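Can you make the complete structure from the sequences, with help from the hints?
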Amino acid sequence: MGQFASFADFLAMGKHGLYVWLSYGIFLAIILYNVISVVINQRLFFKDAKRRLRREQNS
Amino acid sequence: MKIKFPRWFYQLASPKWFYEISGKLLPWFVVATVLLMSVGLVWGLVFAPQDYQQGQSFRIIYIHVPSSILAQSCYMLMAIAGAVGLIWKIKMAHVVAKCAAPIGASIAVMSLATGAVWGKPTWGAWWVWDARLTAMLVLLFLYIGVIALTSAFENEASGDKAAAVLSLVGLVNIPIIKYSVEWWNTLHQPATFTITEKPAMPPEMWIPLLIMVLAFYGFFAVVLMARARTETLQREKRTDWVKTLVEEY
Chain A
1 MGQFASFADF LAMGKHGLYV WLSYGIFLAI ILYNVISVVI NQRLFFKDAK RRLRREQNS
Chain B
1 MKIKFPRWFY QLASPKWFYE ISGKLLPWFV VATVLLMSVG LVWGLVFAPQ DYQQGQSFRI
61 IYIHVPSSIL AQSCYMLMAI AGAVGLIWKI KMAHVVAKCA APIGASIAVM SLATGAVWGK
121 PTWGAWWVWD ARLTAMLVLL FLYIGVIALT SAFENEASGD KAAAVLSLVG LVNIPIIKYS
181 VEWWNTLHQP ATFTITEKPA MPPEMWIPLL IMVLAFYGFF AVVLMARART ETLQREKRTD
241 WVKTLVEEY
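Chains as they are written, first to last, in this note's numbering: chain A, 1 to 59; chain B, 1 to 249.
What the hints contain is simulated information worked out from the structure, not anything from laboratory work. Be aware that a few hints might be false.
[What the hints assert, rightly or not] Beyond 10 angstroms from chain B on every Cβ pair, some chain A residues (computed): (1) 17; (2) 37; (3) 41; (4) 49; (5) 52; (6) 59.
[Claimed, not checked] Using 27 angstroms as the maximum straight-line C-alpha spacing, the simulated BS3-like pairs for lysine-lysine come out as follows: (7) A:50 - B:4; (8) B:178 - B:89; (9) B:89 - A:47; (10) B:243 - A:47; (11) A:15 - B:120.
Only a predicted model underlies this, so the values are computations on that prediction, with no experimental measurement involved. By construction, the Cβ of each residue, glycine as well, lies at the ideal position given by its N, Cα and C atoms.
Written out as structure tokens, the structure is:
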């Protein structure tokens with residue numbers, strides 16, 4: 001497929017497999033960090049705001 | 001003299017309007033980003049030819065070049081947003097500047113780290129004190145400085161202003177990064193893409209790279225919008241429209 005004879009060949013990336021996959025690992029980690037932190041921030045906001053709103057309504 | 005801006009400019013300054021319009025745009029940007037990124041990654045990793053000197057480690061450029069370009073564009077956006085906030089006192093501009101900083105910092109880390117991993121097999125060293133690399137490291141420190149300054153003040157508005165001033169001063173680093181490969185004798189190769197000349201690579205190498213650059217911009221638009229939405233709610237939490245949103249959540 002593509003430039004590679006087999007899947008093993010694709011994973012090996014010539015003799016640069018370690019470097020290529022390490023780079024793409026860093027890429028994936030940073031993309032995921034950005035997405036996850038956005039989702040967590042949003043959830044935290046709504047949880048906090050809801051609690052605050054309920055407290056205000058009770059008092 | 002009083003400058004008159006079109007209506008959308010003022011609407012953009014309205015937090016509620018921003019929240020509504022970004023909610024409508026966001027899904028489209030997510031779809032476009034996922035499509036571009038899948039095409040770019042498969043093309044770059046599987047179908048693009050290998051480099052005759054660098055072999056397969058050349059494939060690292062499909063994330064290194066886009067992240068380097070984005071790290072700089074993001075900085076410029078942050079500085080411009082800061083300036084707009086300072087000059088016209090638009091609070092949404094400060095929201096954008098504040099949200100761009102951590103994204104930009106993470107992308108600068110990506111650029112530096114993937115560059116280091118590429119440097120090892122290609123140059124024989126993870127890091128060299130080359131002009132381009134050093135200027136990129138300064139960019140990361142500027143981002144960290146902006147993030148720290150934003151949260152260093154009790155008063156939110158003071159933090160916004162201080163961060164905007166620092167990001168404007170740091171803007172001087174952007175042309176230094178760009179021209180570092182021309183001004184100094186550096187190990188780093190010159191720009192891959194220029195507006196005036198054709199790329200030195202064959203199209204089957206640079207088309208996937210261009211797709212990845214677009215994918216990175218799309219990704220940036222998605223996370224920046226999403227972050228800015230939450231930050232907007234946070235800052236407007238005492239308004240009625242945010243309270244209604246929270247009740248309905």
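Here is what the structure says about each hint:
| no. | hint | in the structure |
| --- | --- | --- |
| 1 | 17 | 8 angstroms, violated |
| 2 | 37 | 8 angstroms, violated |
| 3 | 41 | 5 angstroms, violated |
| 4 | 49 | 4 angstroms, violated |
| 5 | 52 | 8 angstroms, violated |
| 6 | 59 | 15 angstroms, holds |
| 7 | A:50 - B:4 | 40 angstroms, violated |
| 8 | B:178 - B:89 | 31 angstroms, violated |
| 9 | B:89 - A:47 | 30 angstroms, violated |
| 10 | B:243 - A:47 | 12 angstroms, holds |
| 11 | A:15 - B:120 | 13 angstroms, holds |
The earlier numbered hints that this structure contradicts are 1, 2, 3, 4, 5, 7, 8 and 9.
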